[in-house]
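Trainee: Each chain, written out:
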Amino acid sequence: MKQSAEQKAVIEGLIFVSGEEGIDKKQMADVLQVSLTEVEALLEELLNDYRSGSRGMEIIEIAGSYQFVTKREHASYYERLVAAPSHTSLSQAALESLAIIAYKQPITRAEIEEVRGVKTEKPLQTLSSKGLIAEMGRAEGTGRAILYGTTKSFLEHFGLKSLEELPPLPEQVNDGSIEEEADLFFSKFQETMDE
Amino acid sequence: MKQSAEQKAVIEGLIFVSGEEGIDKKQMADVLQVSLTEVEALLEELLNDYRSGSRGMEIIEIAGSYQFVTKREHASYYERLVAAPSHTSLSQAALESLAIIAYKQPITRAEIEEVRGVKTEKPLQTLSSKGLIAEMGRAEGTGRAILYGTTKSFLEHFGLKSLEELPPLPEQVNDGSIEEEADLFFSKFQETMDE
Amino acid sequence: MKYSVKIDAFEGPLDLLLHLIGTYEIDIYDIPVAVITEQYMNYIHTMQELKLDVASEYLVMAATLLAIKSKMLLPKQEVLDSDDQLDLDEDDDPREDLVRRLVEYRKFKQAAHDLKEKETARSMIFTREPMDLTSYENEEEALNPVANVTIYDMLAAMQKIFAKKMERVPRKTTIERQEIPIETRMQQIIQDIRTSGRKKFSELFTTSSREHLVVTFLAVLELMKTKEVECEQEDNFSEIFIYAPKENEV
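Protein chains in written order, with full-length UniProt numbering: chain A, 1 to 195; chain B, 1 to 195; chain C, 1 to 250.
I should point out that these hints are in silico values taken from the structure, not numbers from a laboratory.
None of these values were measured; they are calculated from a predicted model.
A portion of the hints provided could be inaccurate.
Computed cross-link-like contacts, DSSO-like style, restricted to lysine-lysine with a CA-CA straight-line distance of at most 27 Å [stated by the list, open to error]: (1) Lys107(C) <-> Lys152(A); (2) Lys122(B) <-> Lys71(B); (3) Lys161(A) <-> Lys119(A); (4) Lys118(C) <-> Lys69(C); (5) Lys25(A) <-> Lys160(C); (6) Lys160(C) <-> Lys119(B); (7) Lys71(A) <-> Lys160(C); (8) Lys161(A) <-> Lys26(A); (9) Lys2(B) <-> Lys71(A); (10) Lys160(C) <-> Lys152(A); (11) Lys107(C) <-> Lys104(A); (12) Lys107(C) <-> Lys118(C); (13) Lys161(A) <-> Lys160(C); (14) Lys152(B) <-> Lys160(C); (15) Lys200(C) <-> Lys104(B); (16) Lys104(A) <-> Lys118(C); (17) Lys69(C) <-> Lys119(A); (18) Lys119(A) <-> Lys118(C); (19) Lys122(A) <-> Lys116(C); (20) Lys71(A) <-> Lys26(B); (21) Lys200(C) <-> Lys225(C); (22) Lys161(A) <-> Lys200(C); (23) Lys25(A) <-> Lys107(C); (24) Lys160(C) <-> Lys119(A); (25) Lys71(B) <-> Lys71(A); (26) Lys69(C) <-> Lys104(A); (27) Lys25(B) <-> Lys71(A); (28) Lys122(A) <-> Lys69(C); (29) Lys69(C) <-> Lys152(A); (30) Lys104(B) <-> Lys225(C); (31) Lys122(A) <-> Lys199(C); (32) Lys119(A) <-> Lys199(C); (33) Lys71(A) <-> Lys122(A); (34) Lys71(B) <-> Lys25(A).
Please model the entire structure based on the sequences and the hints provided.
Mentor: So, in structure tokens, the structure goes:
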């Protein structure tokens, strides 16, 4: 009993020291020298402790690693203290290109441009320099075009556990939502104009 | 009741995000927009929570600033974490500082902090103690701040013959972020055109 | 008229078409090509009137729309003759390829929108750097201060700083800072150029403050308009130089 409370505390400490890089279950098991199953049980308990109490942080899983983050509902407080969050927001062009890559990877630039209907060199450069996408090899055939795929930083940037967590692509967007989309688009544009 | 639990949680989160710099009571009171006395009461409660439970970290006060630290009795676990083959020996903060020094030497601490946007005292201490950087003289002008540069041991450890062998900084690192701004320029420009 | 400023906010011809389809409540699977072509051409003309650079993709799409429109006119007469409303079966429909592309693009536009929401949610949580665990290292490790770190990790760290930097204007300063009047910045730029003769465009952007960047950019545009400065760029994407107009130099 006593020992498992200690081990749970060590897991808490390990997640804490790992900061924004996070730590995975395997590393925790190595440090504690216990099995992965035991780590999972202790971790589950710890997650429950944080969920049930009124706490300032919570533990989230991103790209297989666990880390402490502050709670979303408290965001306004931290914004008063900290400089802007380290997350830059991506342009629409970059987001569209990234969405296509995320769902169709590995994919060449020509294929991305085919879907978007416009040149996509610049957004790809931006995404590469931010480390959100990377070259995944070369396509077969003549030209041997570069194939792009998403990286671990991509999962981190959007707070995803894994690629499986991406919502399924909407097969059919009904007409109602097109309108909505257009309205949304318009209001979004207005926002930028008002800045 | 409910409100004070919420405020205590925010204090916990504030101490967490403040990292190794810590945060003082005055700043907490400013963020929460409550009196210093109220902060003191909430803080005392929070400190008690951490003292009484079996926890992975503790809150300490250094020169009026509060911060989370690991527990001394868990030292053996952190030693094991550090010794693990997967563990990188330089923290992200140290790595960032080292990169800035390598490419922009000789450089003062203030200039490094300007680039990183955060205090950089600790990382510089670490890098000095590891022999990767050293003082290279003093800057001109009042204050005569210390100038830092990389050492011979830095070159040896990274397998470089000279500083010229450092890989060039990727151009798109800069281009990417400027491109992001283009939208903003454009919408601002349109505003003026419409006037 | 109120649409004229919107044009450059589109991500391309497909995006513009989707917008028109939404605005006019058109069934994407049964697009009235004549109507959409007319609206589309209106946009293109407005863009040209505003002397905006109309990207070639928009012109290619205009040509495609016109081609579809003329093809649609031909079988329509046959329809009247045979009195068969379903003569335009899917295989023959000249709109088919365009519809397929629009539907495909719309899926990813939605997916991009979902990603944006996730990004926003993520930006509302805060974290901290990993702790410096150097004090837990034993002597043997201290012998190799850079275990598991390569020069490329350093480069990656540098990239990360740049990625963060643009957004990292401390909010406190943002509130305190006075807005820089464009006129002031214009004066500064003129002074700059007088002393140094000419200046690299990139050198005008000395801080990462968005306000400063935007004001500087607008100031340069304004100076170009009033012909107080001239700009020169030898190749695409190469450095732009700004200098005083020739007659002023004499």
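Trainee: Now, for every hint given, state plainly whether the structure supports it.
Mentor: Comparing the hints with the structure gives:
With a CA separation close to 24 Å, the supplied pair Lys107(C) and Lys152(A) stays within the 27 Å bound. A threshold of 27 Å between alpha carbons decides the hint, and for Lys122(B) with Lys71(B) the separation of about 19 Å falls inside it, so the pair holds. For the hint pairing Lys161(A) with Lys119(A), the CA-to-CA distance comes to about 31 Å; that exceeds 27 Å, so the pair is violated. With a C-alpha separation of about 40 Å, the suggested pair Lys118(C) and Lys69(C) falls outside the 27 Å cut-off, and the hint is violated.
Taking the CA atoms of Lys25(A) and Lys160(C), the gap is about 26 Å. The hint holds against a cut of 27 Å. Between Lys160(C) and Lys119(B) the alpha-carbon distance is near 17 Å, which keeps this suggested pair within the 27 Å criterion. About 24 Å separates the Cα atoms of Lys71(A) and Lys160(C), which keeps this hinted pair within 27 Å; it holds. Simply put, Lys161(A) and Lys26(A) have alpha-carbon atoms about 16 Å apart, close enough for the 27 Å limit, and the pair holds.
Simply put, Lys2(B) and Lys71(A) have alpha-carbon atoms about 17 Å apart, close enough for the 27 Å limit, and the pair holds. Proximity of Lys160(C) to Lys152(A) is assessed by CA-CA distance (about 14 Å); at most 27 Å being required, the pair is judged to hold. For the proposed pair Lys107(C) and Lys104(A), the alpha carbon gap of about 12 Å is at most 27 Å, so the pair holds. Note on Lys107(C) and Lys118(C): the hinted pairing holds, with a Cα-Cα distance of about 17 Å set against a maximum of 27 Å.
Proximity of Lys161(A) to Lys160(C) is assessed by CA-CA distance (about 21 Å); at most 27 Å being required, the pair is judged to hold. Taking the CA atoms of Lys152(B) and Lys160(C), the gap is near 26 Å; set against the 27 Å cutoff, the hint holds. Taken as a hint, the Lys200(C) and Lys104(B) pair is honoured in the structure, with Cα atoms around 21 Å apart against an allowance of 27 Å. Restraint check: the Cα-Cα separation between Lys104(A) and Lys118(C) comes to about 19 Å, which is no more than 27 Å; the hinted pair holds.
Between Lys69(C) and Lys119(A), the direct Cα distance comes to roughly 25 Å. Compliance with the 27 Å bound is thereby established for this hinted pair. Among the hinted pairs, Lys119(A) with Lys118(C) is consistent with the structure: their alpha-carbon atoms are about 26 Å apart, no more than 27 Å. Annotation: proposed proximity of Lys122(A) to Lys116(C) holds, straight-line Cα distance about 19 Å (limit 27 Å). The suggested pairing of Lys71(A) with Lys26(B) holds, with an alpha-carbon distance near 22 Å, which does not exceed 27 Å.
Among the hinted pairs, Lys200(C) with Lys225(C) is consistent with the structure: their alpha-carbon atoms are about 18 Å apart, no more than 27 Å. For the given pair, Lys161(A) sits about 44 Å from Lys200(C) by alpha-carbon distance, which is inconsistent with the 27 Å threshold. For the given pair, Lys25(A) sits about 36 Å from Lys107(C) by alpha-carbon distance, which is inconsistent with the 27 Å threshold. Note on Lys160(C) and Lys119(A): the hinted pairing holds, with a Cα-Cα distance of about 26 Å set against a maximum of 27 Å.
Distance restraint check for Lys71(B) and Lys71(A): the Cα-Cα separation of roughly 24 Å lies within the 27 Å cut-off, and the hinted pair is therefore satisfied. The suggested pairing of Lys69(C) with Lys104(A) is violated, with an alpha-carbon distance near 32 Å, which exceeds 27 Å. Restraint check: the Cα-Cα separation between Lys25(B) and Lys71(A) comes to about 21 Å, which is no more than 27 Å; the hinted pair holds. The straight-line distance between the Cα atoms of Lys122(A) and Lys69(C) is roughly 33 Å, outside the 27 Å bound, and the hint therefore fails.
Proposed proximity of Lys69(C) and Lys152(A) is contradicted: the alpha carbons are some 46 Å apart, above 27 Å. Distance restraint check for Lys104(B) and Lys225(C): the Cα-Cα separation of roughly 37 Å exceeds the 27 Å cut-off, and the hinted pair is therefore not satisfied. For the suggested pair Lys122(A) and Lys199(C), the alpha carbons sit about 25 Å apart, so the restraint of at most 27 Å is met. For the given pair, Lys119(A) sits about 31 Å from Lys199(C) by alpha-carbon distance, which is inconsistent with the 27 Å threshold.
Under the criterion of a C-alpha separation no larger than 27 Å, the hint pairing Lys71(A) with Lys122(A) is inconsistent with the structure, at around 35 Å. At roughly 21 Å between alpha-carbon atoms, Lys71(B) and Lys25(A) fall within 27 Å of each other, so this suggested pair holds.
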